[in-house]
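Student: Listed here are the chains, written in short residue letters.
There are 4 protein chains.
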Amino acid sequence: MNKNRLEAFSDGVIAIIITIMVLELKVPHGNSIDLLLPLLPVFISYVLSFVYLGIYWNNHHHMLHAVWKVSGGMLWANLHLLFWLSLVPFTTAWMGENHLAEWPVALYGVVLLMAAIAYYILQHLILQEHGKESVLAKVIGKDMKGKLSILFYISAIFCSFVNHWLAILLYTLVALMWLIPDRRIEQAFREQEALNRERS
Amino acid sequence: MNKNRLEAFSDGVIAIIITIMVLELKVPHGNSIDLLLPLLPVFISYVLSFVYLGIYWNNHHHMLHAVWKVSGGMLWANLHLLFWLSLVPFTTAWMGENHLAEWPVALYGVVLLMAAIAYYILQHLILQEHGKESVLAKVIGKDMKGKLSILFYISAIFCSFVNHWLAILLYTLVALMWLIPDRRIEQAFREQEALNRERS
Amino acid sequence: MNKNRLEAFSDGVIAIIITIMVLELKVPHGNSIDLLLPLLPVFISYVLSFVYLGIYWNNHHHMLHAVWKVSGGMLWANLHLLFWLSLVPFTTAWMGENHLAEWPVALYGVVLLMAAIAYYILQHLILQEHGKESVLAKVIGKDMKGKLSILFYISAIFCSFVNHWLAILLYTLVALMWLIPDRRIEQAFREQEALNRERS
Amino acid sequence: MNKNRLEAFSDGVIAIIITIMVLELKVPHGNSIDLLLPLLPVFISYVLSFVYLGIYWNNHHHMLHAVWKVSGGMLWANLHLLFWLSLVPFTTAWMGENHLAEWPVALYGVVLLMAAIAYYILQHLILQEHGKESVLAKVIGKDMKGKLSILFYISAIFCSFVNHWLAILLYTLVALMWLIPDRRIEQAFREQEALNRERS
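The listed protein sequences correspond, in order, to chains A, B, C and D. If you use the working numbering, the first sequence corresponds to residues 1 to 200, in order. If you use the working numbering, the second sequence corresponds to residues 1 to 200, in order. If you use the working numbering, the third sequence corresponds to residues 1 to 200, in order. If you use the working numbering, the fourth sequence corresponds to residues 1 to 200, in order.
There's no promise every hint is true.
One copy or two, it doesn't matter: identical chains are merged, so the pair holds either way.
Below 30 Å or equal to it, Euclidean Cα-Cα: the simulated DSS-like pairs (lysine-lysine) are [unchecked claim]:
1. Lys138 to Lys3
2. Lys26 to Lys142
3. Lys142 to Lys3
4. Lys3 to Lys145
5. Lys3 to Lys26
6. Lys147 to Lys26
In short, the hints are calculated from the structure, not lab data.
Between the sequences and the hints, there should be enough to build the whole structure, so can you do that?
Tutor: In structure tokens form, the structure reads like this:
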């Protein structure tokens, strides 16, 4: 019932976060093409964060698709996730403006890590509410990607102080891991739909 | 009928308010971790306001869940509430940038107080429209939390000039009071749903 | 069918316009209460524009409630309205920052006038599509308020150069005229609903 | 099923993009009418981009109207489109602030070109999913407008370095081409609806 509003609110917040990030691409004073070059690290940071927020929106979308009970705890776990995502424009801008320097790159990872943990908590609460035999439980399975992401984020945070490019590489790898379509998820939904049709 | 649009508009405004607040977390010029320290009061203010807006969204959501008649008066009472909430980013930023000084802390409370009064008016109008015997009336009951909040805000405004930390403590206490799930509300809804099922 | 998306998009744009206006309330540097005084004209402008956008949202909401056919022309007439509304934050800020000086006050009126004309065009297109015998046509009637508003805006634009306070007074009067609930509209809807019930 | 959320998210992002562009119309310091004159190229750029985003919203709206299957690929193709559209405020501001100088005008075209390609990819994926015999396929047909737009954008990018006014003219022509209502589309929908009615 109230799932729609939870989705709408999350969509709104993610849409705003994804869009206000572009305000950090400060318009250069002058019309030479050379003025765009110093914006390159800001642009790279923007692309990376855009992809991350796209992934979160996508996964959030898939996870809530199978939800049919919304508890008070879920509402707050969702707000907790949105809180960490709302800090992404800040860390993106700090990283971009400082040409991917160590501390900003580490903080970028910390916020991603916290968002991943917040997502895990939300997922855990949803699973608890829906039971281990639900479609959702089957879809998520052992959630290897989620666990691997957290491991990668922690590694990247430490890497930041050794080689910040390695950290950026790790963030990119996590993003790519999520971008590659998970055939299993779509498969599971299709099986369920086939089952539903048979029953009715 | 038009409830959906009232909800959607409120969600949109609250989502934007909650997100533009983060723009006040101005990106420091430089990449040292020490530059984040002066941002701490801004960050604390942001967290507090994020929680408050989350609470308003949550309560608004619950209150409108049981609404089935929307009057012109309700639309305006709702806009009145959104008006005061829209000032939260301003007071949050003023409070954060001045390290929680007395006047900004007092003004922060004034805006919270006005929002609480606006919420009370909206609630009153909804109850008037739906009758004292509605689920909504039972859920809200004597609205102890609402009345207590207003008392706390007034106290906090006066406290600001004596000890601003005490005021911040009071704001935090009000937030915690609302964060603790209200079992009664969810209980009342469940009872009603059980009743509905019996009837049909 | 696609009415929902037209409403959702309009709600989104109006919600953003109403909220980004508050960004013009620039946080003063310092924590003294005296620093808020120079913000007073900005605040007054903000309140006025907030009310105007609230009125537009409200009227838009009522008008589309009775719409059941959406044409390509209506989509563009709606975007045309949103275009002029999107300029409100600019004129509001210019007026506020210049303590309600003549030219900014006149431009404020020009944008309101253009928005009113855009609204009139949208209304005209909707009526054309739905016929003179529709509920909508009855509700709008002779649209005295709409015509009166346009007259008031034009007067206010000229007044700006004589006495800018008179212009502000006129803008306030138009807003008040719309704020006072139009019993006829709600009445017409109730009658229609009663009719529908009888038929079914 | 999840089409609604795809639409809602796209609407949100486009609504925010269209509205934050107005923030680039920086409020002049002073109240003379002469101060508005230097804003003219910024205003022209704003109008052009507003119309472009309106066209994208409009076309997106029409295209998704006929969609009834949403795949993971479509979600990402849609995000890809939103990414390029999110850069429009940046190129608009750069073009406006530099009085339509050559490089900014060229970059403006590059972003429009990339958005057009992203739209084409999204359209292609949707057609692939729905089959060549679908209403959608008939509506889109040979997509002359889409192909012509891409040709015009490329020409405009090269023109920017010869005569930037010619480039602006080309951008305006493309916008006008899309603004003129496509009777065929509305016709095709009406025929389909008539067919549906006959069948049921």
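Student: Against this structure, judge whether each hint is valid.
Tutor: Okay, the hints, checked on the actual structure:
With identical chains, the CA atoms of Lys138 and Lys3 are at most 30 Å apart both within one copy (21 Å) and between copies (23 Å). For the homomeric pair Lys26 and Lys142, neither the shortest alpha-carbon distance inside one copy (43 Å) nor that between copies (39 Å) is at most 30 Å. For a Cα distance limit of 30 Å, the shortest separation of Lys142 from Lys3 qualifies both inside one copy, at 25 Å, and across copies, at 28 Å. In the homo-oligomer, the alpha carbons of Lys3 and Lys145 lie at most 30 Å apart both inside one protomer (25 Å) and across protomers (25 Å), since each shortest distance falls under that limit.
For a Cα distance limit of 30 Å, the shortest separation of Lys3 from Lys26 qualifies neither inside one copy, at 37 Å, nor across copies, at 34 Å. For a Cα distance limit of 30 Å, the shortest separation of Lys147 from Lys26 qualifies neither inside one copy, at 36 Å, nor across copies, at 32 Å.
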